[in-house]
Every structure is written in structure tokens, then in C-alpha cells.
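Student: Given two chains presented individually in distinct reference frames, assemble the corresponding complex, making use of the accompanying hints.
Take a look at the letters that make up each chain.
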Amino acid sequence: MSKSTVSSSFVFISLFFSLVLAIFPWPSFLQICRPEIVCLVVFYWVFVSPTHFGITFGFSIGLLQSVIEAGVWGAHALGLIVAIYLLERFRKRVMNASLWEQSVLITIFVFVHQVLVAWMSYLFAYPVSFLVVLCTSIFSGFFWPVIFIGFNWVRRTYQISH
Amino acid sequence: MKLLFRRGPSNTVRVFLLGICAISIAFIAKYTPWFDILKQHSVDVIAPFYMVADIPVKVKGWTESRTMPRAKLIQENSALRSEVLVLRRKLQREASLTAENFRLRQLLNSSDRVTDRVLIAELIGLSPDPMIHKVMINRGSDDGVYQGQAVLDAFGLMGQVVEVSAHYAFVLLITDATHAIPVQITRNGSRFVAEGTGNLFELNLRHVANTQDIKQGDLLVSSGLGQRFPVGYPVAEVTSVVIDPAKRFAQVSAKPKAELNQSRHVLLVFDRPPVGE
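Chains A and B, in that order, are what the protein sequence lines are.
For the first sequence, the residue numbers in this note's numbering are 1 to 162.
For the second sequence, the residue numbers in this note's numbering are 1 to 277.
Keep in mind the hints are simulated off the structure, nothing from the lab.
Yeah, the Cβ is synthetic: ideal placement off N, Cα and C, and Gly gets one too.
Misleading hints may appear alongside valid ones.
[What the hints assert, rightly or not] Ranges of calculated distance between the beta carbons of each label pair, as one might list FRET restraints:
hint: 1; chain 1: A; residue 1: 16; chain 2: B; residue 2: 20; range: 27 to 33 Å
hint: 2; chain 1: A; residue 1: 104; chain 2: B; residue 2: 64; range: 40 to 46 Å
hint: 3; chain 1: A; residue 1: 32; chain 2: B; residue 2: 232; range: 35 to 41 Å
[Claimed, not checked] Some chain B residues judged to face chain A by a derived CB distance under 8 Å, without partners named:
hint: 4; residue: 15
hint: 5; residue: 19
hint: 6; residue: 25
hint: 7; residue: 126
hint: 8; residue: 132
hint: 9; residue: 170
hint: 10; residue: 178
So here's chain B without its partners, still in its complex pose (with noise of 0.2 Å):
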């Protein structure tokens, strides 16, 4: 098994030519378009490594399937059923809310929204580095599922899918370092970016006015601007709001809603018909 052939370059010389290859390479992956394809085909390439990883989470689950006491499941189904009953009356009311607003929306000469159709995919793996928030899901180009579209739990807003292949992809969370959501306030419309920290429980808000109104426990919603993600789901809850008359900006940090570092389960809205199309 000869991999390597001893005579040719020197170490030094392979590790000044290998070195520059690897920075280009970051550069290009990064700045320009040409690897795009690779990217969507390395998630096929890489998705068995994922699925390997993952055996134990799913015998875990298995097993806790299988053993899980009678007394225990009789419990957690009348525990759902009631949920049920009351997420129905929840909805009985949204009915006639959405006809309500659809009414109001044709008053005033506005497109309606469309409801979003929505698709479950299940959490696969994630990436290991604590600083890079991505992690992997078991759809793909197959069920539908296009690039930037916008990824739920059952709380709010997860991130978008940033690489997609035939059977998987990859979601960006909102929590990543290189990543920012327009949101804006329930309460009085005000509108922000919330940029992602790299830590899964914060988001910071750029460039909030030092009189701008915005307290603690306000929620931040979607605001469809930048056109990337729906309207209207919810995205954080301001936490601190630092005013400090010698700083330019107030610094306002939030908690994300959605379970980023629990959620198995996740939601793809389909909002709008894949780019390009």
C-alpha cells in the first residue's frame, strides 16, 4: 500500500503548497459560487458518517419505546388527549380569526397570505464544533425541500437549510455566529436584525437607537423583510435591554423560542415555490 511516494517535493515544500491550497480552497468555498455543487453533493457523501453517529440516539429511543411501562403510556395519552382538546378550541377560534382577517386584508386592497404548508423531518446530527451551529435532516431535494427555505420547531423559528441533497440537508440555525434574521416587535412593529452569537441561547439586536422603544420580555417575531423567511413566526424574547448614554447603541440581547438544542423533530414551511421557478 503505497500512498505516498518519497521521492518528489520536499516536506517544506508540500506543506507551503498544501497550506495555500487549503486557504484557497476555504476562499473559494466561501466567496464564490464555483463549488456550490460539490457542496450539494458532499451531504450524500456525508450523510453515512451522520447516520453511524446516530445509531445510539436511535436505540436509545428503541429501547425506551419498547420498555416504557403501560402505566406510564395510559398517563402520557390522556396528558396528549387533553392538549388535543384544547389546541382544538385554540383553533376553532383561529378559523374564524383568518376569515376575519382575510375579510379585513380585502377591505384594504392587500394580497392575502397563503397558509404554509408544512413538512416534518427529523434531526439527524449536528455539527461538533460548539462555535458552528448547523445541523443535519432527513429531507432533501426529493420531498420538496429547496435552499433558504425556513426550519421550525413547535416554539419558533429554528433557521434555514443552507445545502441541500437528494435525501438530506443542512440548516443553518439562527444561533450561527455568521447569521441574521429581520424580526420585529409584537408590540409596536419596530423593526431589527437579530444577529447569532454562537451561543445557542442568545441573539443580539444591530443597531437598536439608545430611545428606541423595546423593554424586557418583548417578543420578536419573523418580519418577512429580506424576504427569506414567512411572516409572523415567532423568533425570540428580548432579555436585557443595556442603555448606556456613552455608546451609540443600545445592547439587546434575546433568547431564541424555539428548543435549538433539544428539538428532534422540526418543521419546513413551504412558503413560497423554490427559487428559480
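Chain A on its own, in the form it takes in the complex (with noise of 0.2 Å):
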């Protein structure tokens, strides 16, 4: 029961820090090179325990992100969870990629998430930059690879399960 608690909070915490991420203020001329924190931190719990974190999960960090974001409600929810989907589909093929080839992949799936929030903005009146869709997915692919040995470090370190 220990070992669940402890993992929660990993959770959590990652979670809280993913979202504090988001909003951290940039300088203007890197805004477009912002890498998804939150999606990545997501995919990743998704990734490692699919029959904890699914898409029930990654509408409600969506929805909470948007609102956090103040930007149009529910947007980041319906990347997320289009993403999520994805992600489950493709589990095992992502599983057994090696850690560059997830890179491709993962940007692939920051890219859908992204090219729906910027729907969801659009159709709220927000103009649209496809620049900025693909930067930030590329950089995501960047960061990938951190997330995914830094988390993975940090649990075998803890020796958390999940």
C-alpha cells in the first residue's frame, strides 16, 4: 500500500510541476519553441501504466490545463485525449522502438494534440500559427527522451512500481 502512495505522489507532483511548465513565462522570441510539458508528462504515465492513466485522465489534466492556460476550454481535453488514443493503439509498436524512433513517434502525437487545440482556438476566433504547431511538436520529440529517462530513473531510484 506504501509503494502506491509514494507513486501517486510522483504522480502528482510531476503533474503540478508539468502544469507550472506551461505557464512559466518565456522570452517572446523562444515562444515558439515551448516544449508540451504536460502532454509529454502525460504520455509518459499513460505509457508506463495504461490500466491506471488512460483517457478519462487525459480529459481531466486537459481540461485543467485549458483553464490554467485561460485559453478556450476544453481544447487541450480534446488534443489529449485524440493523443491518448494514439498512444494506446500504437503501445506495443512504441514499446519496443528504441528511445530516437519514440522521439518520432511521440512527435507525431504532440503534433495531432496540437493541430486540435489549434482547431479548438481557431474556431474560437484565436488566429492560428502552424509554425508554432510545428515547433512545439518538435521540441516535445526533443524532450521526450528527458522525460522518459529522468522519470524512469527517478522511479527505479525510489524503487517506485508505478
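Tutor: Below, the structure written as C-alpha cells:
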């Protein structure tokens, strides 16, 4: 039982800080290469523990993210659930891929997420920049190994089951 | 920790249902007032995230104020003193001008404008999406902040309050793509509507006739039409006027006077009692 408490607090802390990083002030010229950390952290948890985290989990985190970012409510929720659906669908393929191949696949999933978020924003009169969508996905792909290796290391060091 | 039960609808069904749910939430939040109360309370829920994200900036400010060399402080102090002197002189002139204006308005039998009361607020966070121009400030309804209140910085109008909780509020900037503000040119009083473009340094003027007297360098001030913003605060300066006879309207863009990406301290103007009172 104690193991599961540790892991749930790690999940909670990682999500809290990913949401803080999502609104962390960035210099405006670097704005287009801000990786979508929340998306990556949610992907990680869905990836390592699909029995506990799934689409409903993604939906609630996505909703929270759009509320926090003061954007269109529900935009991130829609993007995340579709991306998680794809991730679960191709889970075996992602699992057996090498780290850089994983990054490529994750880039594609984040791209789907970003396109949906941008589409929702566009529905509500916000201008959409394809460059931002593309750069965010690519930088998120670069960031995936950092999250994957880092989180695995923490879990191994502190003997957290998931 | 069992968050999700595997039994239940399949993933495809789940994505479909929750997708519809997400889209309806977006529509309801945008087009109906049903979520308004939720929106006000959501500001309190998300404020901690902005507070945590603001810590590094706070630490930087604190260390800078602690480690500033004495010579620099003295220099800054004397610069501020001379600035105060210049501003005081301007203020002396303004007192007599206000009195004169008041008398003239009385002669014309029009209502006099009340001097606006202001409250200083600090900016504690901004929306990360480069297209959404919203900022969070550390004042809320406890300080008397109300929805629709105008927000200024030292140089011009910044935006208006859109969501208020007890201690925090969200401000929509004038450059947000969903924002428009009624303005007029100081030179000749012609009225326009200035729309945000999603670019922090640009506003577009809507429906400007090709024959309109408008040129580069014209100062746009808030006109007070629409009953939202107080009259006479500088909004933007016209940067380009492109007249194409093939098009119905001239393309006019303007640069906001307020330093939307730099100002950390903003002023909230109280020009009328809160809505509904």
C-alpha cells in the first residue's frame, strides 16, 4: 500500500510541476519552441501504466490545463484524449522502438494534439500559426528522452512501482 | 491507485463521447453565461500555479534590490527626483487647466468628468499561448476590482478585466485577437474601432474609408463609446496607412502606446461604480 502512495504522490508532483512549467514565463522570441510538457508527462504515465491512466485521466488534465492557460476551455482536453487514444493504439510499437524512434512517434502524437488545440482555438476566433504547431511538436519530441530517462531513473532509484 | 476501470466503454467510444463533451464545454463557456460563476472561481483555483511560476522572477527582483551598488542607487534616486520635479510642474499646469475645463463645461451645460481614482496592481502571470493575450494581476473583488474595468500602464491603455475572483483577476489585453476598442484621433476627433491582431505590437483599425483624414503618427485615444473604457486615455499611434483604391477600406495599423510586454505594475481605473449597483 505504501508503494502506491509514493507513486501517486510522484504522479501528482510531476503533473503539478508540468502545469507550472506550462505557464512559466518564457522569453517571447523562444515562445515557438516551448515544449508541451504536460502532454509529455501525461504520455509517460499512460505509457508506463495504461491500466491506471487512460483517456478519462487525459481529459481531466487537459481540461485543467486549458483553464490554467486561460485559453479555450476544453481545447487541450480534446487534443490530449485523441493523442492518448493513438498512443494506446500503437503502444506495443512505441514500447519496442528505440528511444529516438519513440521520439519520432511522440512528435507525431504531440503534433496531432497541437493541431486539435489550434483547431479549437481557431473555432473561437484566435489566429493560428502553423509554425508554432510544428515547432512545439518537434521540440516536444526532442524533450521526450529527457522525460523518459529522468522519470525512469526516479522510479528506479526510489523503488516506485509505477 | 485505481483511477480507471478497464471494464466499461471501449477506448473508441470513450474518445468519441469525451470529445463531444470537450467541444460542448468550449461552446457553453464561450456563448452562454452558464459557466460564468465557475469562471470566476476558477481564477482562485489556478492562482497557486501562477504564484509558483512567478517565484523565480520574485527571487531575481529581490536579489537585484539587495545587491544593487550604492552609487547606482544614488544615481537612480537623483534621476527620480528630477523627474518628480518635471512632473510636478506639469501637474501645476494641469490644475488650472482642469479648473478652466470645468468652467467651460459648466458654460456648455454639459456634465463634468469626475477625476478617476486608480489602484496599483502587480502582474503575476501571463497566458503561455502566444496568440492569447491575457495576464493575471494580484487584485480581486476584495479590492473593488470589477469585470470590465479598464487597466492602464504608465504609457497608455492596456486592456480590461475579464474574470475576477476575491484576490486575483484576469486582464484581456487590447492586442488579443478577440478584443476591440472604440478610439478616436486626437487631431480631428474621427472615431474608429481598433481591433487586436494577436501581435503584441499591432492593432488594426476597422472600416476606415479610403478618403478618411488619417495619417502616420496620429494619436488614438479611447473615445468612451461602448461605455466600457474611460474617455481620453492614449491607446495607440498610427504606424501605417495603406490606401489601395481597389479595396473598399484603407488598411491602417497602429502600435499600442502601453508597453504590453514590459509593464509589471499596472493601474486599475475606477471610473464608475461596479456593474449592477
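Student: For each hint, tell me whether it holds in the structure or not.
Tutor: Results of checking the hints against the structure:
1. A:16 / B:20: 27 to 33 Å: At roughly 29 Å between Cβ atoms, residue 20 of chain B and residue 16 of chain A fall inside 27 to 33 Å, so the hint holds.
2. A:104 / B:64: 40 to 46 Å: 43 Å, holds
3. A:32 / B:232: 35 to 41 Å: 37 Å, holds
4. 15: 5 Å, holds
5. 19: Holds: closest Cβ of chain A sits about 6 Å from residue 19 of chain B, inside 8 Å.
6. 25: Constraint on residue 25 of chain B satisfied, holds at 4 Å.
7. 126: Where the cut-off is 8 Å and the nearest Cβ of chain A is about 6 Å from residue 126 of chain B, the hint holds.
8. 132: 5 Å, holds
9. 170: Result: holds, 6 Å to nearest chain A Cβ.
10. 178: It holds, given that the least Cβ distance between residue 178 of chain B and chain A is near 5 Å, below 8 Å.
Violation of the numbered hints given earlier is absent; every hint is satisfied by the structure.
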